[in-house]
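Student: Protein chains in written order, with my numbering: chain P, 1 to 133; chain R, 1 to 280.
It is worth saying that the hints were derived from the structure and are not from the lab. Don't be surprised by glycine CBs; every beta carbon is placed ideally from N, CA and C. Any given hint could turn out to be false.
To give an idea of the chain R side of the interface with chain P (calculated C-beta under 7 Å), a few residues [claimed, not checked]:
{"#": "1", "residue": "G85"}
{"#": "2", "residue": "L258"}
{"#": "3", "residue": "S267"}
{"#": "4", "residue": "N268"}
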Amino acid sequence: MRTRLYSLEELNDIPGTTVFNAIRSRQAYHLHKFCMSLMQEDNRQAFRADERAYLDKFRMSEEQKQAVLERDFTRLIDLGGNIYFLVKLSNTDGWSTQKAVSSMTTMTPDEYAAMMRAGGRSPEGQRSIRGKK
Amino acid sequence: MARITAGIATSHVPAIGAAFDQGRTQDEYWKPVFDAYEWVKAFEAAEQPDVVILCYNDHASAMMLDVVPTFALGMAEEFEVADEGWGRRPVPVVLGDPVLAAHLAEQLVIDEFDLTLMNEMEVDHGLTVPLSLMFGKVEEWPVRVIPLAVNVTQFPTPSAERCWQLGAAIGDAVRSYPAGLNVQIWGTGGMSHQLQGERAGLINPAFDNAFLDKLSAGTDELRRITRLDFLREAGTEGIELIMWLIMRGALGDEVEELYRFYHVPASNTAVGHIVLRPLG
Numbered sequence: 001m002r003t004r005l006y007s008l009e010e011l012n013d014i015p016g017t018t019v020f021n022a023i024r025s026r027q028a029y030h031l032h033k034f035c036m037s038l039m040q041e042d043n044r045q046a047f048r049a050d051e052r053a054y055l056d057k058f059r060m061s062e063e064q065k066q067a068v069l070e071r072d073f074t075r076l077i078d079l080g081g082n083i084y085f086l087v088k089l090s091n092t093d094g095w096s097t098q099k100a101v102s103s104m105t106t107m108t109p110d111e112y113a114a115m116m117r118a119g120g121r122s123p124e125g126q127r128s129i130r131g132k133k
Numbered sequence: 001m002a003r004i005t006a007g008i009a010t011s012h013v014p015a016i017g018a019a020f021d022q023g024r025t026q027d028e029y030w031k032p033v034f035d036a037y038e039w040v041k042a043f044e045a046a047e048q049p050d051v052v053i054l055c056y057n058d059h060a061s062a063m064m065l066d067v068v069p070t071f072a073l074g075m076a077e078e079f080e081v082a083d084e085g086w087g088r089r090p091v092p093v094v095l096g097d098p099v100l101a102a103h104l105a106e107q108l109v110i111d112e113f114d115l116t117l118m119n120e121m122e123v124d125h126g127l128t129v130p131l132s133l134m135f136g137k138v139e140e141w142p143v144r145v146i147p148l149a150v151n152v153t154q155f156p157t158p159s160a161e162r163c164w165q166l167g168a169a170i171g172d173a174v175r176s177y178p179a180g181l182n183v184q185i186w187g188t189g190g191m192s193h194q195l196q197g198e199r200a201g202l203i204n205p206a207f208d209n210a211f212l213d214k215l216s217a218g219t220d221e222l223r224r225i226t227r228l229d230f231l232r233e234a235g236t237e238g239i240e241l242i243m244w245l246i247m248r249g250a251l252g253d254e255v256e257e258l259y260r261f262y263h264v265p266a267s268n269t270a271v272g273h274i275v276l277r278p279l280g
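Same shape as in the complex, but just chain P:
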């Protein structure tokens, strides 16, 4: 066996964090294909005109489609999504990245913006679920 510096299971030990990897990338492939389609203005207009009909052109799971319709970014991450793809959706909606990101936390957008202005979220207590440090 080759040596490793740490067990890959440790990646699951970071609170409030999902590490995007190859299997998630595959799980979200069609969701991400939808997201990247929004890089063209024609497609953005078609999506805005009838979101459901536009989503049905993609081989995404029903759960993924529902989460897109609800702009549920936490759910989209659970379903394999990665933020760099997902911001194509929030950009299409005219949201700032900060608004999209804040929607995954327990704060309102204003509370989140105030936290960032005050220096952001401290890493203290946020490093390890097991070690609670």
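Since the structure of chain P is already known, use the hints to place chain R on it.
Tutor: The following block gives chain R in isolation, referenced to the frame of chain P:
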């Protein structure tokens, strides 16, 4: 003979690009950030580099869906600016240097870095925001750019040590290029930030400032930072800092720090910026 005359690192936050494009650089929120880049704008005007090797990450604009390259080198004469969902940034098309890029591709693969070569690709804010910060609003960019896109999105990203070694090989490849070009290498992204989950908004000034310090004195420690350490200490997107190590690896053992800036926040992110001169 070509020479690498400086290494520059900067964050590449998209909101900085938006503030720049919308003329909000003197707003209370943005003024400290944009004012801090006046130094490097004067530096670049004096240095007049011919080519920048620009290490950045593609934010699911030109790759990461159908193909996920660990290291991808831009070979084209020009690179169009991507539409990331709110229209293209109103900045000039980016001109490449196919001849130097081909030399790099040849040398780096011989040196066992099996790069992906991109004959066509668009570039996103990861590459264009640093250009705006260094050169301001221009009709055309005053340098040719060789994009080097690094996977910092999908785990496992290349290790800190691998990035350092790639940088060292880039330095050797540039020095073996016959034309007398003034070449800079830039590392972009970072510093600490996390854009997903309940832990979003993470900022770690102690980690960031130690990282800045160690770019001059303590590079061995930077090369040993694991992916897990980056995720825990600097956030899921803070791992972009590995691209700074490609830049630093290309500069050789000793550097002089010419300028440094650190500021929190720009949107979700800690902004870091440093200018280094290789010694010897």
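Student: The structure should be examined with respect to each hint, and the outcome stated for every one.
Tutor: Hint-by-hint comparison with the structure:
Annotation: interface hint on R/G85 holds; nearest CB of chain P at approximately 3 Å, less than 7 Å. With a least beta-carbon distance of about 27 Å to chain P, the hint placing R/L258 at the interface is violated under the 7 Å criterion. At a threshold of 7 Å, the smallest CB-CB gap from R/S267 to chain P is about 5 Å, leaving the interface hint in force. Given the 7 Å rule on beta carbons, the hint for R/N268 holds: about 5 Å separates it from the nearest Cβ of chain P.
Checked against the numbered hints given earlier, this structure breaks only hint 2.
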